[in-house]
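> Sequence:
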Amino acid sequence: MTTFALSDADATTRLGQAIAPLLDPGESVLLYGPLGMGKSTLARGLIRALTSPDEDVPSPTFTLVQFYESDPPVAHFDLYRLSRPEEAFEIGLDEALDEGCALIEWPERLGEDPGRMLGPDRLTITIAEDGEGRLATLSGAGTWEAKLKEIHV
815 MTTFALSDAD
825 ATTRLGQAIA
835 PLLDPGESVL
845 LYGPLGMGKS
855 TLARGLIRAL
865 TSPDEDVPSP
875 TFTLVQFYES
885 DPPVAHFDLY
895 RLSRPEEAFE
905 IGLDEALDEG
915 CALIEWPERL
925 GEDPGRMLGP
935 DRLTITIAED
945 GEGRLATLSG
955 AGTWEAKLKE
965 IHV
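Heads up: the sequence shown begins at 815 in this note's numbering, then just goes up one per residue.
Derived by calculation from the structure, the hints in this document are not laboratory data.
Computed from a predicted structure; not experimentally measured.
Just so it is clear, CB atoms sit at the ideal spot from N, CA and C, and this is done for glycine as well.
Among the hints, a few may not be true.
[Stated by the list, open to error] Below are the SDA-like pairs computed for lysine to any residue, each with C-alpha atoms no more than 25 angstroms apart in a straight line:
| hint | residue 1 | residue 2 |
| --- | --- | --- |
| 1 | Lys-961 | Ala-832 |
| 2 | Lys-963 | Asp-885 |
| 3 | Lys-963 | Pro-886 |
| 4 | Lys-963 | Arg-923 |
| 5 | Lys-963 | Asp-870 |
| 6 | Lys-961 | Ile-905 |
| 7 | Lys-963 | Ser-821 |
| 8 | Lys-961 | Glu-904 |
| 9 | Lys-961 | Tyr-846 |
| 10 | Lys-963 | Asp-868 |
| 11 | Lys-961 | Thr-951 |
| 12 | Lys-963 | Leu-849 |
| 13 | Lys-963 | Gly-925 |
| 14 | Lys-961 | Asp-912 |
| 15 | Lys-963 | Glu-909 |
| 16 | Lys-961 | Ala-863 |
| 17 | Lys-961 | Gly-933 |
| 18 | Lys-961 | Thr-877 |
| 19 | Lys-963 | Ser-873 |
| 20 | Lys-961 | Leu-836 |
| 21 | Lys-963 | Ala-832 |
| 22 | Lys-963 | Thr-875 |
| 23 | Lys-961 | Pro-867 |
| 24 | Lys-961 | Glu-946 |
| 25 | Lys-963 | Ser-953 |
[Stated by the list, open to error] Quick list of simulated restraints, FRET-style, between CB atoms:
| hint | residue 1 | residue 2 | range |
| --- | --- | --- | --- |
| 26 | His-966 | Asp-838 | 13 to 21 angstroms |
| 27 | Ser-897 | Leu-849 | 15 to 23 angstroms |
| 28 | Lys-963 | Thr-875 | 27 to 35 angstroms |
| 29 | Glu-959 | Asp-885 | 18 to 26 angstroms |
| 30 | Glu-943 | Val-967 | 30 to 38 angstroms |
| 31 | Asp-824 | Asp-912 | 16 to 24 angstroms |
| 32 | Val-967 | Pro-872 | 23 to 31 angstroms |
| 33 | Thr-951 | Asp-927 | 12 to 20 angstroms |
| 34 | Thr-817 | Phe-903 | 31 to 39 angstroms |
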């Protein structure tokens, strides 16, 4: 487990940028935290690091998923509005992991054990308030256990 103090939105963006080059196809990044903690900001930083700095990265709150052509391809999911975990497959979660990686906001909508629906290689990020800023706690499963040591912000 690793923690990063995030003093502002720029620090949150930099964390996303630091994670991006470590992603491989079949891996997922799970973003936990209440509304307004910076999950979308982190996602935007990660996606722009894989695509281009000026990539339009809207929140997938209403579309549920946005796909991006990058290396590896990335799909950004917002599962907040799902009512059943199986709905994640209906919007393309399995295809996203077959072809690239998945960035998932509100992974708790996948049930108590999201790992049963995802591959073994997962990075879990929990963002919480920390005084005036935020604290990001990262933990890894599978290949991400070792990759955690490579994240420098």
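> Taking the numbered hints from earlier one at a time, note which ones the structure violates and give those numbers from smallest to largest.
4, 5, 6, 8, 10, 12, 13, 15, 18, 19, 22, 24, 30, 31
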